[in-house]
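Chemist: Residue numbers (UniProt numbering), protein chains in the order written: chain A, 1 to 278; chain B, 1 to 278.
Among these hints, one or two may not hold up.
Copies of the same chain look alike in the list, so a pair counts if it fits in one copy or across any two.
Stated by the list, open to error - Subject to a maximum C-alpha distance of 20 Å in a straight line, what follows is the list of computed EDC-like cross-link-like pairs (lysine to aspartate or glutamate):
1) LYS169 <-> GLU141
2) LYS220 <-> ASP39
3) LYS153 <-> GLU103
4) LYS162 <-> GLU180
5) LYS2 <-> ASP248
6) LYS124 <-> GLU103
7) LYS169 <-> GLU180
8) LYS179 <-> GLU165
FYI, nobody ran anything at the bench for these hints, they're computed from the structure.
Each chain, written out:
2 protein chains.
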Amino acid sequence: MKIQLASSYGFCFGVKRAIEIAEEHKGSVTYGPLIHNKDEINRLKVGFDIGLAENLNDIQTDDAVVIRTHGIPKNELEVLNTQDHKVIDATCPYVTTPQNIVEKMSDDGYSIVIFGDASHPEIKGVVSYAKYQDDAFIVLEPEELDDLPLRGKVAVVSQTTKKPEDFAKIVAALMLTRKEIRVFNTICNATFENQDAAAELAKDADVMVVIGGKHSSNTKQLHSICQRDCANSYLIENETELDASWFDGKTFCGISAGASTPDWIVQNVIDSIQEMKQ
Amino acid sequence: MKIQLASSYGFCFGVKRAIEIAEEHKGSVTYGPLIHNKDEINRLKVGFDIGLAENLNDIQTDDAVVIRTHGIPKNELEVLNTQDHKVIDATCPYVTTPQNIVEKMSDDGYSIVIFGDASHPEIKGVVSYAKYQDDAFIVLEPEELDDLPLRGKVAVVSQTTKKPEDFAKIVAALMLTRKEIRVFNTICNATFENQDAAAELAKDADVMVVIGGKHSSNTKQLHSICQRDCANSYLIENETELDASWFDGKTFCGISAGASTPDWIVQNVIDSIQEMKQ
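Whole structure, please, built from the sequences with the hints as guidance.
Modeler: Here you go:
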């Protein structure tokens, strides 16, 4: 049986980069989990002595602190710097961009609109860079714009993981009532690249295995995309969940993985499938 | 019978202003017709000795030249200034705005996209203000954007008379492929104000009279909007076309007028209806 990986799968550029940065700083602590995958966090702990601090207060005086891909609010960064920690910034460059845009545009007199989830760490960080916090607004739906005390000049950015079509709806609503809007398309394609590659592969494969957290919306979406074109699509967290009967009579197995699935788990799955078919 | 004018009708702010400017400059010539209404152009000729030059070459050395609301291309303005004409600028301020935006944004390194009709005098003027003519593009449909060699930074303006919903489609298409777009909503509400006011009045009136050119798309649209709510809606060019039978048994006559219809024609129509009903 042919086994083929999707042309894009698993960790995005920013997460790969953050893990490499952490590995280069043995003994550091990450402020918040570097990735939503316990096995990978455990690997970093065992192999590189990387600790985890869920709160600012949990960070010890002599800790070197890794900032994760989502970034953190500006005032928290200032606290860390004041406390003389060694700060290792692994904020994804695709997140630094909207942080910088919000800071500059707010300073230039634009009202700020951020399309995203107010509770998401990335957005908490991005909005914190507005110079005028009472002139920066986070919205998820166009209707939320109606009651905002926006100026005639508005700058708008998006959470990196949002859908472009939904961002376009926010922009369409804004542009009809404002004299000038500056639209910065800060959406990152990584999520969609994995989805497009999985869909492409599912057309040819007669069995698809998607690897990732059962509760990860990202992984579940990959799975449902594969199911559209390949009825025999399975979602597993690791190789222990494989069932040899899935591959009976099959000739082409496609593999994809969610954005929080490390490569070594993907490789374990591929090895196990190959053993089953020997 | 009650006769009521729509709360907004006829000339827009820019045209009213241009006619006042022309009246203040007796003996001048307008470069292009000031308005698409022969009766009004004749009134200006007879009452104020305002001439009409259709082409640059038709303008005599000693003519004072009125620039109409649409504006003119920058190079033509330079020619007029070089020839030492007295130039009287009646360009609508709502048109000067996109001219200035295009000039500044082009100078600041943005590709320029103009949503409008390439053959419309307003757009010929607006596009001429781009510093880099090979980096300024006029489009009517989102699909036309696909093949344009646009930079990552794009500034976009609209012809003043376009529909906001259609402009939004251009913006939506642009924002999905560009890093930054600056959207300047340069649409003027005047057309829509006349339409909204006519629709409002047509709900209450049992007969509607719309005054304007039979070939004016603006006037025809007003007429069809009125017909939606008032079956007895009539389109006339002036009072000679009125028919007394239209008002038999009617109690409330609403009046609207296209954007090229001068107030004095509207008043003639009202006077004639009142005479018919005496």
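Chemist: All the hints need checking, so say for each whether the structure fits it.
Modeler: Hints, verified against the model:
no.	hint	result
1	LYS169 <-> GLU141	both (8 Å within a copy, 18 Å between copies)
2	LYS220 <-> ASP39	within (19 Å within a copy, 69 Å between copies)
3	LYS153 <-> GLU103	both (15 Å within a copy, 19 Å between copies)
4	LYS162 <-> GLU180	between (23 Å within a copy, 17 Å between copies)
5	LYS2 <-> ASP248	within (13 Å within a copy, 85 Å between copies)
6	LYS124 <-> GLU103	within (14 Å within a copy, 37 Å between copies)
7	LYS169 <-> GLU180	both (16 Å within a copy, 16 Å between copies)
8	LYS179 <-> GLU165	between (22 Å within a copy, 15 Å between copies)
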